[in-house]
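A.B. asks: Sequence:
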Amino acid sequence: MILLLLCTGGVYSLTAQELNAVVKVNSSKIQGTNRMIFISLQEALHTFINGRRWSDANYRVDEKIDCSFTLVINEVLSAHSFRGELYVQSRRPVRDATYTTPMLALRDRQVDFDYMEYQPLTFNFNDIRGNLPATIAYYVYLILGLDQDSRYPTGGTAFFRQMELITANVQPYGWSGWDMHGSDRSRAAIAAAFNDGSLESYRRMWYDYHTQGVDELTESADRGRDRMASSVALISSLYAERPRSVLITLFGDAKLDELVNVLSRSHAEKRQEACKALKRIYPSRTAELEKLR
Numbered sequence: 001m002i003l004l005l006l007c008t009g010g011v012y013s014l015t016a017q018e019l020n021a022v023v024k025v026n027s028s029k030i031q032g033t034n035r036m037i038f039i040s041l042q043e044a045l046h047t048f049i050n051g052r053r054w055s056d057a058n059y060r061v062d063e064k065i066d067c068s069f070t071l072v073i074n075e076v077l078s079a080h081s082f083r084g085e086l087y088v089q090s091r092r093p094v095r096d097a098t099y100t101t102p103m104l105a106l107r108d109r110q111v112d113f114d115y116m117e118y119q120p121l122t123f124n125f126n127d128i129r130g131n132l133p134a135t136i137a138y139y140v141y142l143i144l145g146l147d148q149d150s151r152y153p154t155g156g157t158a159f160f161r162q163m164e165l166i167t168a169n170v171q172p173y174g175w176s177g178w179d180m181h182g183s184d185r186s187r188a189a190i191a192a193a194f195n196d197g198s199l200e201s202y203r204r205m206w207y208d209y210h211t212q213g214v215d216e217l218t219e220s221a222d223r224g225r226d227r228m229a230s231s232v233a234l235i236s237s238l239y240a241e242r243p244r245s246v247l248i249t250l251f252g253d254a255k256l257d258e259l260v261n262v263l264s265r266s267h268a269e270k271r272q273e274a275c276k277a278l279k280r281i282y283p284s285r286t287a288e289l290e291k292l293r
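Just so it is clear: in the sequence shown, position 130 is 130 by this note's numbering, and no numbers are missing.
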C-alpha cells in the first residue's frame, strides 16, 4: 500500500472544480535549503490542481473526486532544480454507502523539475513550459479518466486522449518518465495502454467492477461479490497475453486489498479459485492473498 507522507508546511484542502485534492510537499530529506521555497511550491501546486477547471463536465459537490498528491523532494540538483517522486491517490464514493472505493494508488519515482520561489504553475497543451505542471496535469487526467470509466462504459476516453497528447507534446524536451520506448511503467506506457483499442475489455471490466460490483454490494452482497470476482478472469487473461502490462500493476495497487476483503466472504471454492489466479499474477502479494484461503 502507498502511504501518504508527512509534509513540510501546512496541508491544503479545498473544494474546487472537479477535484477535492489534498496537496503536500515533503522536503524532510533536504538540509541546508531555504524552506520557504518548498512552502511556496506546495501553495503553487495546491492552486494549480484545485484552482482550475480541467474539463467541461459539471460535477456536483457530492460528485467531486477526492484525491491526494504528495511530492517528495529527494535531491536538490541546483538552486532551482529538484529531483523527487510523486504519490497520487484517488477514490470515489460507493453508491448508497458512506464509504469510498480506491481508484488509483500510484508512485512515480521520476520527477525532475525546475521551480523558483513564488512561481505560479501554468499549463497549456500547445505551450508546455515545465515538467512538473505537465506531470501533474497528466495525473489529473488519469484520475478523471478512471472516475468516468467507473461510471460510464469507456466514459474516460477524452481524458485518456489528453494524457496521450501531453505525452506526445513533451517528447522534444527529453524529460525523465516520458520515454515512449523505455520502461513499461512510464507515463507514456500508461497513456498508451488506456488508448489501446485492443485493451478496451479492461476498461469495460473496470466499469462493471464498480457499477455492478462495488456499487451493488449494499443492495445485494452476493451479486456484487460475483461481479467483482469476474474481474479476476479478465486480469488473468490479460496476464496470459501481456504479463508486463501496466494495467495489471495499476489494478493490483489500487484494488487488490479491496477485492481480497470482499471475496474473503465468498464460498470456499470461489475464494480458492481467486486465490490461485491472483497469486500467479501478483506473486509479491502472497501474504495479503492468504486471506482467501
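Since the hints were made in silico from the structure, they are not lab data.
There could be a bad hint or two in this list.
DSS-like mimics (lysine-lysine), calculated; alpha carbons at most 30 Å apart, straight line [unchecked claim]:
no. : residue 1 : residue 2
1   : Lys270    : Lys291
2   : Lys276    : Lys291
3   : Lys279    : Lys291
A.B. asks: Give a verdict on every hint.
C.D. replies: Here is how each hint holds up against the structure:
1. Restraint check for Lys270 and Lys291: satisfied, since their Cα atoms lie roughly 13 Å apart, inside the 30 Å limit.
2. Restraint check for Lys276 and Lys291: the C-alpha separation of about 12 Å stays at or below 30 Å, so the hint holds.
3. Our distance criterion of 30 Å between C-alpha atoms is met by Lys279 and Lys291, whose separation comes to about 12 Å.
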